[in-house]
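A.B. asks: If you're matching them up, the sequences are chains D and U in order.
In my numbering, each residue's number is its place in the first sequence (first place is 1) plus 3.
In my numbering, each residue's number is its place in the second sequence (first place is 1) plus 342.
Calculated from the structure, these hints are not laboratory results.
Fair warning: there could be bad hints in the mix.
Unchecked claim - Mimicking PhoX-like on lysine-lysine, the simulated pairs with C-alpha atoms at most 20 Å apart in a straight line are: (1) D:LYS158 with U:LYS384; (2) U:LYS407 with D:LYS158; (3) D:LYS120 with D:LYS82; (4) U:LYS388 with D:LYS158.
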Amino acid sequence: MAIISGEDLDYLKQRFAAELKSGVELNLFTRASYHTPEAEAQATEANQEDDDTGEMFAGEASRVTAQILEELAAIAPDKITVVTHDMDSPDGVQMAEQAGLNAEMLPAIAFDSENLKGQSRYYGLPSGYEFGSLIENVVDLSSGNSELRPATVEKLATVNQPVQIMVFVTPT
Amino acid sequence: MRLANQFAMANENIIAEAVEANEFMDLANSYHVYGVPKIIVKGLEKSAEFEGAQPEHIFLQNILKVI
Numbered sequence: 004m005a006i007i008s009g010e011d012l013d014y015l016k017q018r019f020a021a022e023l024k025s026g027v028e029l030n031l032f033t034r035a036s037y038h039t040p041e042a043e044a045q046a047t048e049a050n051q052e053d054d055d056t057g058e059m060f061a062g063e064a065s066r067v068t069a070q071i072l073e074e075l076a077a078i079a080p081d082k083i084t085v086v087t088h089d090m091d092s093p094d095g096v097q098m099a100e101q102a103g104l105n106a107e108m109l110p111a112i113a114f115d116s117e118n119l120k121g122q123s124r125y126y127g128l129p130s131g132y133e134f135g136s137l138i139e140n141v142v143d144l145s146s147g148n149s150e151l152r153p154a155t156v157e158k159l160a161t162v163n164q165p166v167q168i169m170v171f172v173t174p175t
Numbered sequence: 343m344r345l346a347n348q349f350a351m352a353n354e355n356i357i358a359e360a361v362e363a364n365e366f367m368d369l370a371n372s373y374h375v376y377g378v379p380k381i382i383v384k385g386l387e388k389s390a391e392f393e394g395a396q397p398e399h400i401f402l403q404n405i406l407k408v409i
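Pulled out of the complex, with its shape left as it was, chain D reads as follows (with noise of 0.2 Å):
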């Protein structure tokens, strides 16, 4: 069953088709050992058993992230690109430490683009309201318009060393 539908999806045509312009890379940092047909059915049974714990597993957020993206890629084809990288083989391992991303945090989505001079990623899976951040982010990478002042752009030049900014979020 599809996630995005309906009024979203018809929100997110139109959107994609008038502001996207240059392609955009999601990296999806997850394990192959989590979407198999066993990982999934095992999910089912035990949230069958304890479903009111409210907590999301590593497994189960990372299917539904690469669902989430999926869909995203097959509205704008053209512009929207999925990778997956497996962190149970040694490649996908050594393209996370190359990204710079903390390989025990999954899911993990490493963007790219021509328009990403630094580094930007999304650890966890962006529902709820975090879902809308994901498509502003997906829109402002491929548009190039970060809409930033240019008083602001002036004095992030001055930056010069690595900055991190992590961002604490929640879907709610």
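We have chain D; now place chain U onto it with these hints.
C.D. replies: Frame of chain D, contents of chain U only:
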């Protein structure tokens, strides 16, 4: 999160990371996250933090503070 991403678009030294606090509770606890958004800004030696959605110039000030 959007502003952090926009800052990262503008400067090669900026790493913008959004972290879903419920899923990574240990990390959130280690930074004493009691409300969201909570923003931690880390430079090489200095760091800053603030809570709530802040306007662009306040966000920027906190970045400039750590360099």
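A.B. asks: So, for every hint listed, does it hold in this structure?
C.D. replies: Hint by hint, here is what the structure shows:
For a cut-off of 20 Å, the pair hint linking LYS158 of chain D to LYS384 of chain U stands: about 17 Å separates their Cα positions. Taking the CA atoms of LYS407 of chain U and LYS158 of chain D, the gap is near 12 Å; set against the 20 Å cutoff, the hint holds. Restraint check: the Cα-Cα separation between LYS120 of chain D and LYS82 of chain D comes to about 19 Å, which is no more than 20 Å; the hinted pair holds. Annotation: proposed proximity of LYS388 of chain U to LYS158 of chain D holds, straight-line Cα distance about 18 Å (limit 20 Å).
Consistency with the previously given hints is maintained throughout, with no hint failing.
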